[in-house]
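**Q** Listed below are the residues making up each chain.
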Amino acid sequence: MSTQLTPILTDFWDDPQSWTLATYEKHEGYQGLKKALGMKPEDLVQMTKDSGLRGRGGAGFPTGMKWGFLPPPDGGPRYLVVNADESEPGTCKDIPLMMAAPQFLIEGVAITSFAIGCNHAFIYLRGEVVHVYRRLLRAVEEAYAAGYLGKNILGSGFDLDVTVHAGAGAYICGEETALLDSLEGRRGQPRLKPPFPAVAGLYARPTVVNNVESIASVPPILLHGADWFTEMGTEKSQGFGIFSLSGHVKNPGQYEAPLGITLRELLDMAGGMRDPNKKLKFWTPGGSSTPLFTDEHLDIPLDFESVAAAGSMLGTRALQIFDETTCVVRAVDRWTDFYKHESCGKCTPCREGTWWLKQILGRLEHGQGDEEDLEKLLDVCDNILGRSFCALGDGATSPITSSIQYFRDEYLKHLELGHCPFDVRESTLFHKDRVTA
Amino acid sequence: MAGDNFGMQTAAGHLTVAAESKEPYTAEQLAGLDADAAQVIARYPQKRSALLPLLHLVQSVDGYVTGRGIDWCADKLDLSTAEVSGVATFYTQYKRHPNGEYTVGVCTNTLCAIMGGDQIFDEVSEHLGIGHDETTPDGKVTLERIECNAACDYAPVVMANWEFFDNQTPESTKALVDDLRAGKDVKPSRGPNKVCTFKQVSRVLAGFNDGLADEGVGAGPASLAGLEVAHEHGWTAPKAPKADSTKADDESADNKSSDNKSADAKTDAKADAKTEAKATGDAKAPGRHTSGNAAANDPDEKPTAQGTLFDDGAEGKGKEGKA
Ligand SMILES: Cc1cc2nc3c(=O)[nH]c(=O)nc-3n(C[C@H](O)[C@H](O)[C@H](O)COP(=O)(O)O)c2cc1C
Ligand code: SF4
Ligand code: FES
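Chains as they are written, first to last, in the numbering used here: chain A, 1106 to 1542; chain B, 3 to 325.
In short, the hints are calculated from the structure, not lab data.
Where a beta carbon is used, it is the ideal one built from N, C-alpha and C, also for glycine.
Keep in mind that a hint or two might mislead.
Stretch-level coverage of chain A by chain B, calculated; a stretch enters the list once three of its residues show a Cβ under 8 Å from a Cβ in chain B [stated by the list, open to error]:
hint, region
1, 1200-1207
2, 1224-1234
3, 1261-1270
4, 1323-1330
Go ahead and model the full structure; you've got the sequences and the hints to work with.
**A** This is the structure:
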């Protein structure tokens, strides 16, 4: 294998008290902030631009450029809001990061706030992870006590308050404008853009919304330099990222690597497929909202451009791996159930469309319906994609259209047999254990 | 969410609440709630932002979102009760009828379902004799199907009062609910030493730290999988340029000197972390690019047939493309 792992954010997760400030300080913690406070904010923005860091929350928008979109200061407040809602199916990197090393995020928040002129930052955490919330609350307390947050931070004259806010269970609140509505105490429904959050975000004030991993990457970049960061990754997808392997692999988990690593390399590192006799069937490169890949795509470099060129999206690097014991129709049916359940109801194509998609997929999985249903699915998808108010609707169509593209025969097989051809027990974690026990 | 569980809602969409849930708070309860609310409201520039935490706080006292809780939130935040119940019905963590002391949520999103979550849910449901969002007669356990809880590398996952129980089986989950019903302490895979009650956890979610942050592991085994591989092979991230990182003011004038440093860094990086194959690869070879943000670096390259997934729209092209 040619690419090597680059533990940076994951570097000391195995320390017995990895989440404490003391541990963080032993690993260069807050040296970046000290350096930042001696710099000009505009130089920090420029450095982030030079590093090529692109948002780690899914879209890959250049982080420095996003900060640069804020209008010039007008004396009123400007906000940083960290998107810690992590709910895209398959995505499981921000939660372990905040559980194991929350101070990375807090230092990143402090540096970013200084760079964009924000004195009150918010971390919007999904509500269903109470221990992570405890760790974040504690991390903020420790940072205040050490003078890294609060008034006149390290004697610089810069003030920053950080509020950690828990949501209450809604995938759509990960969409940045829905998140802002939710943080304002409303139903989490997306807002019309423009105006973009940079112009009118939280409380209609200029706001930067960034993913947890994006912000946590800022301290090491600042400390080691933009050049250090661009040494890693590919020409247009610079730096490192956490790749999350789950499903039918021997050692699922978090693998921090330069962008551009391939699934073949990652699978090698993860001990291969869980059962070496079972072939890889399909996988998601970046969560359930990104079109499926198959074993044809094992050598696609996992960077923004290459994955897009192959017809999918890098998304959140959530690599959900399914072997040949898995029924693709069942998988897609369940994801569709998810989108139906999580559709916020604001716009018709998504609200009604996801409901109908679920009806059709439900019957197909049970071998009912007919071949025309496949065309109907594609037709409904066509009416959702690009016609929905936000990207949730678009995402709902990804698993459907890609699975029909690669596995049309398997859909037909269901119809032919009048039932699902798979034994659901064979794909479970405990089936293997029971068989080999 | 806009779902099919609006059992407690009228056709017009209003939340109907049981009459007894309108019973006023005692003076003592009210004093406690009011004092807490003052702290919550003080965290935000605008008080309406306190609504989600206040609803968690209501659940910490009442065990679900009661009629009196809605009235109280509306009163504290100068909202109408319709506005409050509109928010309360949007989010799945807010319960519309009395909840058990422990919510046991089985992840049945695709990955967990396939790895065994479906069997776990079915067997536990049969074992307890209750279905989704139903509570055992002793009031101990409410069973739920939950969506992906950001722990797919530990599939199949079960959450008990929003603490992680990793790599579950039908047997382990049945044992878990039996222990909870028997009043035994249970310890999550990644979390505090024991699972707290629904009311206690709701108070934490309102932003009141219970002091348990230092309990439990930092990372579970799957979270460390990559780090262990790196240790085995002696892989580390590239070494940083040997810059004097404490000296801040030479930063902006750094352009000249950084050439030297990054030359070092490049050699280091190649030696340490990049192999020949990677380094000699074609366009994908790692390298330093001062043009990181040049116009050519189109931020949102996507498959042309696709829409605007995760669109930030910050570049302003999203909506036009859709129209
Ligand atoms: C339905 C939906 C869910 C999303 N969920 C998340 C999420 O949980 N976390 C996240 O960081 N971004 C999520 N996003 C993307 C955000 O809208 C936004 O692009 C991101 O937070 C920007 O941060 P970044 O530039 O640092 O990536 C979601 C987008 C959509 C449409
Ligand atoms: S696409 Fe779906 S989630 Fe997004 S606004 Fe429309 S209904 Fe809501
Ligand atoms: S699918 Fe169950 S935790 Fe992600």
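**Q** Would you mind marking each hint as holding or not holding in the structure?
**A** Each hint, compared with the structure:
no. : hint      : verdict
1   : 1200-1207 : holds (count 5)
2   : 1224-1234 : holds (count 5)
3   : 1261-1270 : holds (count 3)
4   : 1323-1330 : holds (count 3)
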